[in-house]
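Please arrange chain B with the ligand on chain A, whose structure you already have, making use of the hints.
Quick note, the sequences are listed as chains A and B, same order.
The working numbering puts the last residue of the first sequence at 411; the count rises by one with no breaks.
The working numbering puts the last residue of the second sequence at 278; the count rises by one with no breaks.
Keep in mind the hints are simulated off the structure, nothing from the lab.
Where is the CB? At the ideal position from N, CA and C, for every residue including glycine.
Some hints here could point you the wrong way.
To be clear about the criterion: a stretch of chain B counts as covered by chain A if any three or more of its residues have a C-beta under 8 angstroms from a C-beta of chain A, and this derived list gives those stretches [unchecked claim]:
#: 1; segment: 147 to 154
#: 2; segment: 158 to 167
#: 3; segment: 255 to 266
Chain by chain, the residues run as shown.
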Amino acid sequence: MSGSSNFKPKSAILQWTERRLPILGLMHSSFVAYPTPRNLNYWWTFGGILSFCLGVQIITGIVLAMHYTPTVAGAFDSVEHIMRDVNYGWLIRYVHANGASMFFIAVYIHIFRGLYYGSYKEPREILWILGVIIFLLMMATAFMGYVLPWGQMSFWGATVITNLFSAIPGIGPKVVEFLWGGYSVDQPTLQRFFSLHYLLPFMIAGVVVLHIWALHEVGQNNPAGIDVKSDKDTVPFTPYATAKDNFAMICFMIFFAWFVFYIPNYLGHADNYIPANPLQTPTHIVPEWYFLPFYAILRAIPSKLGGVIAMFGSIALLAFLPWLDRAKTRSAKYRPLFKQFFWVFVLCCIGLGWLGAKPAEGGYVIASRILTAYYFIHFLVILPLLSYYEKPSPLPASIADSVLGKQPAKA
Amino acid sequence: MNKNTLLALGIVAAISFGSAGSALAAEAGPQPPRQKWTFSGPFGHYDKQQLQRGFKVYREVCQACHSLKLVAFRTLGQPGALGFSEGQIKALAAEYQINDGPNDSGEMFQRAGRPSDYFPPIFANEQAARATHNGALPVDLSVIAKARTYEVGFPGFLIDIVRQYQENGVDYLHALLTGYEEKAPAGETLTPNQFWNKYFPGHKISMRPPLEDKRVEYTDGSPQTVDQYARDVTAFLMWAAEPHLEARKRIGFQVMIFLIVFAGLAYFTKKKIWASAH
Ligand code: HEM
Chain A
1 MSGSSNFKPK
11 SAILQWTERR
21 LPILGLMHSS
31 FVAYPTPRNL
41 NYWWTFGGIL
51 SFCLGVQIIT
61 GIVLAMHYTP
71 TVAGAFDSVE
81 HIMRDVNYGW
91 LIRYVHANGA
101 SMFFIAVYIH
111 IFRGLYYGSY
121 KEPREILWIL
131 GVIIFLLMMA
141 TAFMGYVLPW
151 GQMSFWGATV
161 ITNLFSAIPG
171 IGPKVVEFLW
181 GGYSVDQPTL
191 QRFFSLHYLL
201 PFMIAGVVVL
211 HIWALHEVGQ
221 NNPAGIDVKS
231 DKDTVPFTPY
241 ATAKDNFAMI
251 CFMIFFAWFV
261 FYIPNYLGHA
271 DNYIPANPLQ
281 TPTHIVPEWY
291 FLPFYAILRA
301 IPSKLGGVIA
311 MFGSIALLAF
321 LPWLDRAKTR
331 SAKYRPLFKQ
341 FFWVFVLCCI
351 GLGWLGAKPA
361 EGGYVIASRI
371 LTAYYFIHFL
381 VILPLLSYYE
391 KPSPLPASIA
401 DSVLGKQPAK
411 A
Chain B
1 MNKNTLLALG
11 IVAAISFGSA
21 GSALAAEAGP
31 QPPRQKWTFS
41 GPFGHYDKQQ
51 LQRGFKVYRE
61 VCQACHSLKL
71 VAFRTLGQPG
81 ALGFSEGQIK
91 ALAAEYQIND
101 GPNDSGEMFQ
111 RAGRPSDYFP
121 PIFANEQAAR
131 ATHNGALPVD
141 LSVIAKARTY
151 EVGFPGFLID
161 IVRQYQENGV
171 DYLHALLTGY
181 EEKAPAGETL
191 TPNQFWNKYF
201 PGHKISMRPP
211 LEDKRVEYTD
221 GSPQTVDQYA
231 RDVTAFLMWA
241 AEPHLEARKR
251 IGFQVMIFLI
261 VFAGLAYFTK
271 KKIWASAH
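Chain B with its partners taken away, still in its complex shape:
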């Protein structure tokens, strides 16, 4: 490969990605610190214990306001999920009331949830949700882990391709949940329903700090701290957004091995064929 070829390769890489990473919101506050996640990297996988703890946090705290309407109960027991048994899922689903109908007399009715149901909405509609939160909307959390990110400058965004770093969304969620400050900095005023958050774009968030130490009881001995809760619920939300992540990475590895071997064979075939032509 000559100099120009290399240069051109670099250029193509730069054109392709130069812009992608830098395209996003710059108005947010400081960059969320990067965390260690079990599901990052080529062999990433979910920690079932952690997902279960995170689910507990979701149920006991976030669920008061945030729905999870794209997630079906049955998926909690899928491979690469929380590891719940069929019985556990049945019991869990039955705790929820699902709107159904109309029945034979034309009435809508409520019934206990079944594994095939989805997590029901918390509020009847957006207006009702806003009305109970002083006009702010607690968003659905089904894909939130993929719907947030932060800007990574040059050359970090290129290094992320090689390192396979795509955990920006969860870094942000963890930072958001742990990033509340007691009061706004001097010169900033908050309404009684606003709170100061280091990482929320614009800093003034209408969600009161949802977590506090000891709020949720853990039975596996994990620390009952805001930081641990935030980590666990965020991991759970990553699973909710990307339930097939484990399969993806596992199959990806097999595909890679196959392609690399295949490329080797193809290379030597090509070499042999061309040997007589030079």
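Here chain A stands alone, though its shape is the one from the complex:
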């Protein structure tokens, strides 16, 4: 599905280089001529927004790293030095800290978009799995980044999460010591987290390239979930998709700027402005909002090992989705039952997020268990059964028909 690659630059110099390294042709076929389904809605703009987020994190992160000190004694104060003395340091840090949240808002929308429109189905399985890998890398990156300012939540969050590995039978305690580089979260831990926090975003960028490569091989899915059949079904990436992505991205920036400039600490924890103190445990150790659903699953299971398996399993499961949901129809638009279960599942995830922020006691635990069970049932029972029993509504004959009016009996 690559666009036409008969691109020929006008200038003689560029023609000379193009014959030796056809990079302009690659750009042209990927971002100009590339055919996109003409019925894409705004949920398809989040891929571009995610690339923007990654770029913002890398640029602000590199500037922060120029002023940041990865030592137990100096980390907290160096972040405050950035906030107070570095020119526009407050802006750079607030963009980076809120940027992580924006990144996750965008990725969650992007993932649920895929779930709704069946974007994980044949032939997009590898594309989808690469997405799951990006998501995992993002979680690792954000977790380690949050440790860097070395506040109370940094320290205790790192302690709780690294301790999870002690649940591995037999070698668990050794693994944890290996991760810490010592006998507790301390200087070696902070220093390696800084190193990895710098490295992982570039690995994400690498996987993003693969993700986009796979995308351009198989083509984009679309709200109707049907294949492109003729040129009438598509429009060239530029100017059509570029103009739409551009508008969506600016709207996203407005949302982003609202947080950065007006409520920059809203999404963070006040406790992280207290310097880390290994002798004083905060009353509630709560991860950042974007981890809460998984934290709820972790705490729902009465055994530590079980909780850890369930938590990692809940993410790993996503990678197997193409083989759990075997229905041929992709888009929820034409799957009346799936559509309802989709929204129930969304509510289930919000519920888990809410429970993740609550103390693990009484009714909250019971609710967490019910929703955790439902999370797994959705993937392991409901989706496979729906594949066989659901009767999809009739699909439009083509993408062009679906936008230009010739709808089948309305779904």
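Chain B with the ligand alone, transformed into the frame defined by chain A:
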């Protein structure tokens, strides 16, 4: 936009923020009442007079126990700060003794402060600070205004996003300083070094009520009351924690205007391009 789109938007908003606000300490007492602060909202700014009064309260009262070690004297004269002149800052810094050295003969020595110095520590170390306060630690106040908060339930925490309300930390500080009660409620016992505070988590605080009416002299006619002192010193501590707040909000407004205009242009461009495709 169809029904599902709207629903999904709501859901995303709820996932994102549903938990953030509710994550914090529930064991604290009553919710601190919300105050009016000049620095809240999109056009928020510090009241220089108020910061100066608050600084006076800090110097004459809190400084006996609490340090401010992340704040440099020179920053008191920055734009968006207390409005002190260079001369005033020099004189002020010189009132403090700073540890320096080693000198050429290898000795540490004390010298008068300079504008580039930071507020010096009050105690040599944490142990010394605790020893003089019956084991309790008077914390450094440099970022205290951002290091405290209180829980806002549903749907208040969502409304706060729209209202841009992020003054929870200062509400708490004001409440703490004015929230002392004469004695503990029946059934509660305090040691001689503890005091009952309505808003302190666990209520038993080891800081004796630091403020009383007429304790600090104001020359600008503001009321010399505990409530006013608390308000002023809290505003000063907000500045200490967030010295670039005014610049942030000012630049934020410019960025917003720019982005909104840009979004409008982008929207009509997109519309024009797509007009032929539908
Ligand atoms: C996938 C992209 C990234 C994500 C999701 C991410 C996330 C985070 C988070 C959540 C924090 C804690 C913010 C706070 O509360 O202060 C942080 C801090 C930090 N990050 Fe990143 N980051 C990313 C990329 C990078 C890159 C590429 C670099 C460096 C080249 C970097 C350097 C730093 C530094 C130095 C800090 C500590 C300063 C601070 O806490 O503000 N980050 N990051």
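Hint check:
1. As drawn, the segment 147 to 154 of chain B meets chain A at 3 residues by the rule of a beta-carbon pair under 8 angstroms; at three or more, the given contact holds.
2. Using a Cβ-Cβ cut-off of 8 angstroms, 5 residues of the segment 158 to 167 of chain B lie near chain A, which meets the minimum of three, so the contact claim holds.
3. Under the rule that three or more residues need a Cβ within less than 8 angstroms of chain A, the assignment of the segment 255 to 266 of chain B holds, with 7 such residues.
The structure fails none of the hints (numbered hints given earlier).
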